[in-house]
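Trainee: Given these sequences and hints, build the entire structure.
So you can see what is in the structure, the chains are spelled out below.
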Amino acid sequence: MKTLTVRVRRFDPDKDKESHYETYTVKVNEGARVLHVLHAIHDTMDSTLAYRHSCGSGQCGSCAVRVNGEPVLACMEEAQNNITIEPLNLSVKKDLVVDLLPTLETISSLKPSDALKMPTRSDIDMIKPLRDCIECLCCVSVCPAMDVTKFLGPTAMRQEMRLALDPRDSGDRVVDAVNEGLFTCTSCQACWKACPKNIEIPSKAIEKLRALANRRGFTLPRHQEVAALVKETGRSVTRIEPTFMELVNAEVIEPKGPVRATVGFFVGCMYNMRLPTAALDAIEVLKRNGIRVIIPKEQVCCGSPLIRTGQLAFLDTLKKRNIDAFQFRNIDTVMTMCAGCGSTLKNDYKTPFVVMDINEVLTKYGIEPPARLPFKATYHDPCHLLRGQGIREQPRQLILQVVDLVEMPSICCGSGGGVKSGIPDEAAALGKRRAEEIKKCGADVVISSCPFCEFHIAGHTDKPVKNIATVLLEGYMEKDRKKGNLIAS
Amino acid sequence: MLAGEVIDCHVLVIGSGGAGVRAAIEASKYGDTVLVSKTIIGKGGCTTMAEGGYNAVLREQDSCGIHFEDTLKGGAYLNDPELVHILVKEAPLRMGDLIHWGAVFDFTDTDEIAQRPFGGQRFPRTCYAGDRTGHEMMTTLVERLDSSKVSLLQEFTVIDLLKSGESVIGAIALDERGDIVLLKANSTILATGGGTKVYDISTNSSSGTGDGFAIGYRAGAELIDMEMIQFHPTGAVFPYDARGRLVTEAVRGEGGLLLNNLGERFMKQYDPERMELSTRDVVARAIATEIQDGRGTKNGGVYLDVTHLSREQIETRLPVMLEQFLKFGVDIREKPMEVAPTAHHIMGGLRITPECRTTLPGLFACGEVAGGVHGANRLGGNALADTQVFGKRAGEFAGKTEKRVKKVNEEQVKQQLDLLDSFLAGSDNPAGIRKQLQKVMWQGAGIFRNAADLNKTLETVNNLSTAKIRAETLRNLADCSIVKNMCLTSSLICRSALIRKESRGAHVRRDVKQTYDAQHSPFGHTYISQIHDGIEQKGAGT
Chain A
2 MKTLTVRVRR FDPDKDKESH YETYTVKVNE GARVLHVLHA IHDTMDSTLA YRHSCGSGQC
62 GSCAVRVNGE PVLACMEEAQ NNITIEPLNL SVKKDLVVDL LPTLETISSL KPSDALKMPT
122 RSDIDMIKPL RDCIECLCCV SVCPAMDVTK FLGPTAMRQE MRLALDPRDS GDRVVDAVNE
182 GLFTCTSCQA CWKACPKNIE IPSKAIEKLR ALANRRGFTL PRHQEVAALV KETGRSVTRI
242 EPTFMELVNA EVIEPKGPVR ATVGFFVGCM YNMRLPTAAL DAIEVLKRNG IRVIIPKEQV
302 CCGSPLIRTG QLAFLDTLKK RNIDAFQFRN IDTVMTMCAG CGSTLKNDYK TPFVVMDINE
362 VLTKYGIEPP ARLPFKATYH DPCHLLRGQG IREQPRQLIL QVVDLVEMPS ICCGSGGGVK
422 SGIPDEAAAL GKRRAEEIKK CGADVVISSC PFCEFHIAGH TDKPVKNIAT VLLEGYMEKD
482 RKKGNLIAS
Chain B
319 MLAGEVIDCH VLVIGSGGAG VRAAIEASKY GDTVLVSKTI IGKGGCTTMA EGGYNAVLRE
379 QDSCGIHFED TLKGGAYLND PELVHILVKE APLRMGDLIH WGAVFDFTDT DEIAQRPFGG
439 QRFPRTCYAG DRTGHEMMTT LVERLDSSKV SLLQEFTVID LLKSGESVIG AIALDERGDI
499 VLLKANSTIL ATGGGTKVYD ISTNSSSGTG DGFAIGYRAG AELIDMEMIQ FHPTGAVFPY
559 DARGRLVTEA VRGEGGLLLN NLGERFMKQY DPERMELSTR DVVARAIATE IQDGRGTKNG
619 GVYLDVTHLS REQIETRLPV MLEQFLKFGV DIREKPMEVA PTAHHIMGGL RITPECRTTL
679 PGLFACGEVA GGVHGANRLG GNALADTQVF GKRAGEFAGK TEKRVKKVNE EQVKQQLDLL
739 DSFLAGSDNP AGIRKQLQKV MWQGAGIFRN AADLNKTLET VNNLSTAKIR AETLRNLADC
799 SIVKNMCLTS SLICRSALIR KESRGAHVRR DVKQTYDAQH SPFGHTYISQ IHDGIEQKGA
859 GT
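Taken in order, these protein sequences are the chains called A and B.
Going by the numbering used here, the first sequence opens with residue 2, and the numbers climb by one from there.
Going by the numbering used here, the second sequence opens with residue 319, and the numbers climb by one from there.
Please note that a few of the clues may not be correct.
In the DSS-like style, the derived pairs of lysine-lysine whose C-alpha atoms are separated by at most 30 Å in a straight line are [what the hints assert, rightly or not]:
(1) K95/A x K786/B
(2) K3/A x K653/B
(3) K645/B x K129/A
(4) K407/B x K28/A
(5) K3/A x K753/B
(6) K407/B x K118/A
(7) K194/A x K645/B
(8) K753/B x K28/A
(9) K645/B x K3/A
The hints are simulated quantities; they were obtained by calculation from the structure and are not laboratory data.
Mentor: The following block contains the structure:
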């Protein structure tokens, strides 16, 4: 047996105006789950603690709660010391019990046609991954779009796709999905990562529904403009100033000192054409650390703006062009700086080369320590880096070498999934929320590692927003300045 | 003057598992139907946890006759033949309903519903949806329910049936705040599922507290074969809080081997022909014996080993097992699982006619709460079929019943209110009583039984049922009602186990010598009600 102390959020609608936290110390068995801590509190200390549970084995979805801010199934999550247990991000009825019914009622049901049209084996196999849902509502709890729009949410969209695939259903699910907010999803993937059944809602439901919507002519006009631009120019944004590639004007950039590694650089539309300075800063940091960089000219848009919005018509052309550009040069490692491009190359392409984010490259080879800078920073996790690529620690390891770091919750900035161009009000609402979190954590500077995040957050906060390479470079400049002073004195 | 809200309808369904939801869908064709559940519909109960499959005769090479014989043999010939006949005949039809409503069962390469072999059957007739068949069925049924006109009362706990004379006219329930609601109905269907949560080690969800057996008994209904408890041979053993979690039969179906602490495949001593794929009662007894005789593991189980299977086979055929065990620190591709028997299913229950009528006018029963379908031992895959076949029949025949005059007996309601008041004034922790009950039932009314242990257990159970359990607030009243129901269900199990002085199917009386086999037993059902209890006697050879 072992003793654990936990904090639980309590709320009694008959007595309390607001919720509050209570701390409990209980004895539980080795290997106990969070649910058993709740049982111990209820059975031995306070029988008024309200919480749901049923199967105890991760199959019914009754016991979903948040532990240290993340939704989990209490019956499967191992209990640790000093955790905080709260209800899901839904209307609270009492303590850890939330009102599930209003959300459950929005999930569609199959409308059988009068004549039964049987599915085939391949229909069944397509539907099956979408069927595992136990309606625990963990995904709903984390969806940022639902907080600021009337979006029905991830599992509702999952169900629309499941129904769209089934010949027995007589509904028009694509139309329903569009009306239920299909285009409000920012593709942040929080739903997938929170899902205890690991259902890939963004790629298997949202993007597929958007592709079906595209065939029916429902793609948002603004998204169609972006696709037309990519088709014509190979880029998803227009040229308004000299691009990074024009400014660099070289295909191979040799490092200072010996070559420790060579990477191909997949620049991406946003760093190339909207934030070239950040990319130039990255080149300086890479040069300083012995990384030779090759920048093939023929690279074009990675295709992510098309994939996320369901416009797949000439995606294969883009993929081939990009893969060829690096393959012709026998490049075995391609580095991305844009989180979206990196996630796309890793997950939506089949590449003959390895794809690494710049944070992975710099931590793999290690960087020359910069001087420390005197401000407090916070780091905004780009969704396509944190969840799309599983990269959380490396950016932090790099940042901590230069500045002090305060954390804020990792929530989407609002500009992904075509939302910034398609539904700007929603992107703005989410951007504003990031600004509030930034203010709350007390940071002087916001650091990120994605051009969409940097661009969008900068538009909503008065704090400076900097790419991680920019901050590292500032550290090097400070180091050189100090050394210069030393030499001078 | 009656406390709380009153609802009036044509059919009241109590319980929202596979049987209850199916019954409600059917009943709604005939009149206003209310479905009341103590959980969120689709989340509670055991149907949604079921992994194995749904038995149905679908292929030409199979026949209802064979399915009938398999079921009777598996049930040690204690089943009601008429109920079994209906089960095997209508299971395929109800499968058709599920498919029509969108159920996503696994298909073969030729686009037919896939079927796999399962325990005790001579033909592979178990339809399945991966290893989540029950969840697939519940998802389909709840969707169908949403498009029907059934009124849903969720997180309402029924505490007793309402009677007018001998007839059942509805039920009395507590809502989630602990306020009383009266539910009047022309017909009432009990579909409350099983009750093996009265045992310390059980596969059941937290709803498996046997409320329907207790409520039916208190109303005066007759129950049969309450001693027939199926102990599934393989439940998890480690960690402590995961004891009893179901480890599906499919693991043995895929070639899993049972080994004791000497590394022996001990099933050779108990059933050398069928080995690990013997019937559940035989395997459960074998494992229990190995453990009792000191050949078990340190954690009190035996080994179930799939390490000789390819990694790919484990990952594709047993993904849920792999995932669950990994979460608890065991990679079944590298190390054997530890398993031990766990209380799983109650074959007994309210006595029903083929139309699901109980012995009380106005009261129907279907699913695990009803008795007679599975006899003394249930075949894997027959329970899910049972929920659909008899759920539909209960809904249909309850729906077709005429209206009745439903005059609520105010004295009965007052008695309920008095009982609830006594909870509010109580002193004993209901959780403590519940845990004592579970331990004592596991020790004294488990796999191997004898009169002395059963009598001792019954005495303890009766004492526990008189405890002055306490409800801290109105919201805690439901918990107290449930603990009382668990005590009553436990006493029915013990009494029936004492009445059946033979070993039959899942029920083993070590203190009784017998020379006949199941087919030649002189005994029929045990029966138990408020006015009498006993065991049916048969003519020899009947």
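Trainee: A separate judgement is required for each hint: does it hold in the structure or not?
Mentor: Okay, the hints, checked on the actual structure:
| no. | hint | result |
| --- | --- | --- |
| 1 | K95/A x K786/B | holds, 27 Å |
| 2 | K3/A x K653/B | holds, 26 Å |
| 3 | K645/B x K129/A | holds, 23 Å |
| 4 | K407/B x K28/A | violated, 52 Å |
| 5 | K3/A x K753/B | holds, 20 Å |
| 6 | K407/B x K118/A | holds, 24 Å |
| 7 | K194/A x K645/B | holds, 16 Å |
| 8 | K753/B x K28/A | holds, 16 Å |
| 9 | K645/B x K3/A | holds, 19 Å |
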